[in-house]
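Novice: Given the coordinates of chain X, work out where chains U, A and F should sit on it, guided by the hints.
Chains as they are written, first to last, in our numbering: chain X, 4 to 362; chain U, 4 to 362; chain A, 4 to 362; chain F, 4 to 362.
Calculated directly from the structure, the hints in this document are not laboratory data.
Owing to the predicted nature of the structure, the values given are computational and were not obtained by experimental measurement.
Hints are not guaranteed to be accurate.
Pairs involving identical chains hold if they fit within one copy or between any two copies, as the list cannot separate such chains.
What the hints assert, rightly or not - Straight-line distance between alpha carbons at most 30 Å, and here's what the computed DSBU-like set of lysine-lysine pairs gives: (1) Lys89 <-> Lys63; (2) Lys261 <-> Lys166; (3) Lys78 <-> Lys320; (4) Lys149 <-> Lys205; (5) Lys89 <-> Lys78; (6) Lys277 <-> Lys178; (7) Lys150 <-> Lys318; (8) Lys279 <-> Lys318; (9) Lys168 <-> Lys318; (10) Lys168 <-> Lys261; (11) Lys277 <-> Lys321; (12) Lys321 <-> Lys273; (13) Lys261 <-> Lys169; (14) Lys261 <-> Lys205; (15) Lys261 <-> Lys190.
Number of protein chains: 4
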Amino acid sequence: MAANTFGEIFRITTFGESHGIALGGVIDGCPAGLEIDFDFIQQELDRRKPGQSKIVTQRKEPDTVEFLSGIFEGKTTGVPIGFIIKNDNQRSKDYDHIKNSFRPSHADFTYDTKYGNRDYRGGGRSSARETVARVVGGAVAKLLLKKLGVSVQAYVSQVGSLKLKKNYTQLDLSKTESNIVRCPDKKMAEEMITLIDSVRKKGDTIGGLVTGVAKGVPVGWGEPVFDKLHADLGKAMLSINAVKGFEYGSGFEGVALKGSEHNDAFYAEKGKIKTKTNHSGGIQGGISNGEDIYFSVAFKPVATIMMDQDSVDKKGKKTVVTGKGRHDPCVLPRAVPIVEAMTALVLVDHYLRARTNRI
Amino acid sequence: MAANTFGEIFRITTFGESHGIALGGVIDGCPAGLEIDFDFIQQELDRRKPGQSKIVTQRKEPDTVEFLSGIFEGKTTGVPIGFIIKNDNQRSKDYDHIKNSFRPSHADFTYDTKYGNRDYRGGGRSSARETVARVVGGAVAKLLLKKLGVSVQAYVSQVGSLKLKKNYTQLDLSKTESNIVRCPDKKMAEEMITLIDSVRKKGDTIGGLVTGVAKGVPVGWGEPVFDKLHADLGKAMLSINAVKGFEYGSGFEGVALKGSEHNDAFYAEKGKIKTKTNHSGGIQGGISNGEDIYFSVAFKPVATIMMDQDSVDKKGKKTVVTGKGRHDPCVLPRAVPIVEAMTALVLVDHYLRARTNRI
Amino acid sequence: MAANTFGEIFRITTFGESHGIALGGVIDGCPAGLEIDFDFIQQELDRRKPGQSKIVTQRKEPDTVEFLSGIFEGKTTGVPIGFIIKNDNQRSKDYDHIKNSFRPSHADFTYDTKYGNRDYRGGGRSSARETVARVVGGAVAKLLLKKLGVSVQAYVSQVGSLKLKKNYTQLDLSKTESNIVRCPDKKMAEEMITLIDSVRKKGDTIGGLVTGVAKGVPVGWGEPVFDKLHADLGKAMLSINAVKGFEYGSGFEGVALKGSEHNDAFYAEKGKIKTKTNHSGGIQGGISNGEDIYFSVAFKPVATIMMDQDSVDKKGKKTVVTGKGRHDPCVLPRAVPIVEAMTALVLVDHYLRARTNRI
Amino acid sequence: MAANTFGEIFRITTFGESHGIALGGVIDGCPAGLEIDFDFIQQELDRRKPGQSKIVTQRKEPDTVEFLSGIFEGKTTGVPIGFIIKNDNQRSKDYDHIKNSFRPSHADFTYDTKYGNRDYRGGGRSSARETVARVVGGAVAKLLLKKLGVSVQAYVSQVGSLKLKKNYTQLDLSKTESNIVRCPDKKMAEEMITLIDSVRKKGDTIGGLVTGVAKGVPVGWGEPVFDKLHADLGKAMLSINAVKGFEYGSGFEGVALKGSEHNDAFYAEKGKIKTKTNHSGGIQGGISNGEDIYFSVAFKPVATIMMDQDSVDKKGKKTVVTGKGRHDPCVLPRAVPIVEAMTALVLVDHYLRARTNRI
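Chain X on its own, in the form it takes in the complex (with noise of 0.2 Å):
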């Protein structure tokens, strides 16, 4: 079934295998007149790319987009964006070994026996290569979002048990981008820099968490029932490869406290009316209140490493499956802007979807 297209009112399909012609993708539902600021999409492209530092994967890929519809003259006609990225530095032998045969925790096995017939160079579909789409589309759907003075910004709060200790409201998000780690605490991002490349050299990889907060956010967006504005970031962000977990606000470690603990008490300051505390994560019951949204995502290490792993092929016959290519020891520093480019999609899908609420 139809499986490649995300959000409502401001949609993008995706499409593109790691190792075929170009990846790409269509958005549709961008209202018209927005200017298009293609340096600032490029230079999040550049933030996801391969090769950006010592701690990911040395594969080389210009990923350039390139926009074939729906601007004209620099601004959006509201009707559909289609682009694409051209695949460039494939190293499909690097794939042979699998044809036949199931990476552990990986998707071979499973798009095998679902579709009976898989692109095997790469991952073929479920590469996280596909994420370079979102990007895009994320990129887009930010310079949207600024118009409306809406931000949106993550960055790396864990990397294996190396965990920030004070929370977002404590640091200088600023500095996100000021190391290859993307945690804008300069002592521990040295230290998860350190932690990823001694895994990096025993060919091992390694999880985390990022974090992404959105400020500015006004009140009134997300839908009341199943379309909570949480229930569609957390979509989003488990539709992400890797990601194992997603939490909000107070999370898991607010089920432990009392009611008396947890509840935010309102108050008003120069007519507003805002909240002491924000356990809610800027969220009450599925639509946002105006305060901070922060949530957390959970990525498993990666599943392809350096060394002999036990495995089967087709029929079943054991066989030992060893990684070749190049590959990120581990994926957080480039989840980042993955994580706030589906924030943004999230984001304006339900702005769109918020202007038709009342006559």
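Specialist: Chains U, A and F in isolation, oriented as in the chain X frame:
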């Protein structure tokens, strides 16, 4: 925007407010020929209904479902199944005090600002009473899953700081319904009941975790990119009132592992490909791999407490809000059937979607 | 697959069979703050109901709508509007003879083959009785359109070979409800009534045309490619039972014209851009251009006739089927409010969609 | 709002403007394992492409499709099929004169008012060039239908007042491609060509009808209420540029018949239930009944004529617009493959939807 529908092929649309005439729903896309066990459906509703024990709200609602269409001579006919559950035991005057005030950490403020107009009685549409319709839909979904050999079970795994050390494989899940808190471990159940009771006596509330398990799901359910099986499960869970987080498989704890520790090695047994461990939680690349699917859902403490709380009225004037009426000190016991219902809805939908995978 | 929902933002889901307990629906996406005129809605239902004159079925149904949710203190609240219409006057035994036989040109055979199971009483879900829920939805849509200055009117323009020579601009549409056939031309109305009556006496039936007109639609409703305004109107009309064709503007006759004859020249009047002619039917490139929207809908003769007809039973054995019960000799008079309802549903949906066109 | 996607399970999203870099699309939901005959797809495009004869536009476009994803080793893999068709032969300066003026009966005025911004070159997104992507999608759909024994054919049945007296059962449809107007009756084809040529020489244009026929559709495709098979076919046809009407089976003429004349009597032949006549057009109650599906589509004369026409500019000032560039005097010959493509898309979608009817 239309937002009260869940699912793509097997789809439920719900309606109704806490103190309106009736709640109800429409199940569309249920295949023809399914025998309906009306007693089973009512039992599922009884598991969710208020007043069933001393640790839940003492409100008395019979919660009797009336089916209006879509079933003929005991079987579904393939056309929509409409149903209603009448409201019987409302005490709307318990809510007069919040007509113009906002209860902390409730949806009063956000609804009011979004829509300019709200049915404040009993929380209106934002009440968890809406989930009664989900339980009906989920019960129909369970009937279909049973025919496929798929079971769905949930239980309370944490209340406040009382957390089960054992995972689901170490518990006898058939014991879940043997106590009023729905924890399969007898000793822990007793502690949880004592905790909830003590919290209740203080007029306070407490949160916790529900763990869900689906067994017997074959390989191949779930769509690879945006509609990953766990992404749809996550959205389903996050759409339940009071939910703050979702994780599946190794979840948040798994991020501290190395890839070499986390990967699930494949092996074959009697021609069937299985995994030695199950950190993947039964889902790889968004598609079920035939292993058990398991996940946890974090519920915050109920926002309605029997204590004075600072708040504001519609005009931003300072006020004090005090809980009135009959409320749950802990939502967990009654959340178990709701988690199961949403799980069943997601699974049945993906079962039907998977029917169109191949030529 | 789920298929009982119409619309994207303003969405109606219907359920119910001809001889079930009740029919009903859920209107989702209606903006908050709309005053509901319950009398108006009931009047719309009365225009559709059986037994209203000698030329329609003599079945007696009060067709009283009960609203269950979504309206508070007389206004919509932005949440779903659930409603039911109870079935009162079924004579299910009139249908025992078709339990195992297929009525010609009915949906008995196709339902039975598709689903393997059908509620044969009164045609079950395939009965035009389903449209009662559309009329409720359409009435709510009309209330919203009224506030926008948009009117929707339909009338019978042909019965059998009796066809109005005048087009809608030459008729006084306020006369439509002044006679039982709903044709605004008095003389033609009388001829049509005589024709229907004579056909009825023979146990036969007859088809005809309904013409629909929407005035006051501003420029800009409709989406340019697949969801062209006239494409959605066409689908809406073709989804009504017994409809065989749809045309708008110059329609089928316009194909014989030259471009130089057919094109609608633009001119400006008081700063407003208008067209001299309106072959476009108020829609250009799928988008409303501010002129009147008009279209025609072809209804076949009702399939149930009071005559013996050759047919087969479930096993393919030859049989004879004879119409029993109380049926319409001509569906046209009762189709008028249904055409209006579907028109209003399409227009309101596109009004809301158009709210998201521009930044 | 997102509006450039067609279909529910087998879904096509299109993008691109007449004079942009490329047009293209994404086919999502195509089952895995379908062999792709690239030559066939290109042939379908060739049937639609400009410059193929003297009676169509002399614009030269190679219209070569490039597939970017979703096909591996010659077969579909179940993931989205992205494709592009580059624009090669634009003469954008032919359109400078309409930058600020509105061509009569074109979408210039409505786009401009709706979006405030438009790519005016070649009509931008409102150009029928958009249908090139539909033909690619339709060609893939046809490949799947072929495997199911379903054929889809269309032909020109009327140009101006020249109308075929014979219906499709009396014609040899294999002759359709034997002449440049795509009318299977040789004599009528010649008259049509003469007529189009004479109209063309005057700088004028002419409309007509395309008739579509689908054979081999089994019983059970189509959903009973809103998504009736003919309602979706109707919407599909009405979404094609220049279409003003749709009818199926007995259509508009059938309304003058009596029920006793119109009903299609059932009989059985070799265990198969069939109808003696086929006024139903192969669809009863919105569901295919196994007989041939046939319908007609009305196309207005092309709006671009090589004559002076009164119009206004953006400010409402009177102006004269004259057609420039290379245009079709009659859209009918090139519409035939487009009608077939949309028919195939609807049928394949309903084939997949019907897979979920029953347990």
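Novice: Each hint should be assessed against the structure and marked as holding or not.
Specialist: Checked hints:
In the homo-oligomer, the alpha carbons of Lys89 and Lys63 lie at most 30 Å apart both inside one protomer (13 Å) and across protomers (27 Å), since each shortest distance falls under that limit. Taking the shortest Cα distances, Lys261 and Lys166 sit within 30 Å of each other both inside one copy (25 Å) and across copies (15 Å). Taking CA atoms no more than 30 Å apart as the test, Lys78 paired with Lys320 passes between copies only; the shortest distance there is 26 Å, against 56 Å inside one copy. Proximity of Lys149 to Lys205 under the C-alpha cut-off of 30 Å is found in neither arrangement, the shortest distances being 42 Å within a copy and 46 Å between copies.
In this homomeric assembly, Lys89 and Lys78 come within 30 Å of each other (Cα to Cα) both inside a single copy, at 24 Å, and across copies, at 21 Å. For the identical chains of this complex, Lys277 and Lys178 are intra-copy neighbours only, at 28 Å inside a copy versus 45 Å across copies, given an alpha-carbon limit of 30 Å. In this assembly of identical chains, the alpha carbons of Lys150 and Lys318 lie at most 30 Å apart only when taken from different copies (28 Å versus 55 Å within one copy). Taking the shortest alpha-carbon separations for Lys279 and Lys318, only the inter-copy value of 17 Å comes in at or below 30 Å, while the best intra-copy value is 60 Å.
For a Cα distance limit of 30 Å, the shortest separation of Lys168 from Lys318 qualifies neither inside one copy, at 48 Å, nor across copies, at 38 Å. With identical chains, the CA atoms of Lys168 and Lys261 are at most 30 Å apart both within one copy (22 Å) and between copies (22 Å). In this assembly of identical chains, the alpha carbons of Lys277 and Lys321 lie at most 30 Å apart only when taken from different copies (12 Å versus 60 Å within one copy). Taking CA atoms no more than 30 Å apart as the test, Lys321 paired with Lys273 passes between copies only; the shortest distance there is 13 Å, against 69 Å inside one copy.
With identical chains, the CA atoms of Lys261 and Lys169 are at most 30 Å apart both within one copy (22 Å) and between copies (24 Å). In this homomeric assembly, Lys261 and Lys205 come within 30 Å of each other (Cα to Cα) only across copies, at 11 Å, whereas the closest approach inside a single copy is 45 Å. Taking the shortest alpha-carbon separations for Lys261 and Lys190, only the inter-copy value of 22 Å comes in at or below 30 Å, while the best intra-copy value is 34 Å.
Hint compliance for this structure: hints 4 and 9 are not met, and every other hint is.
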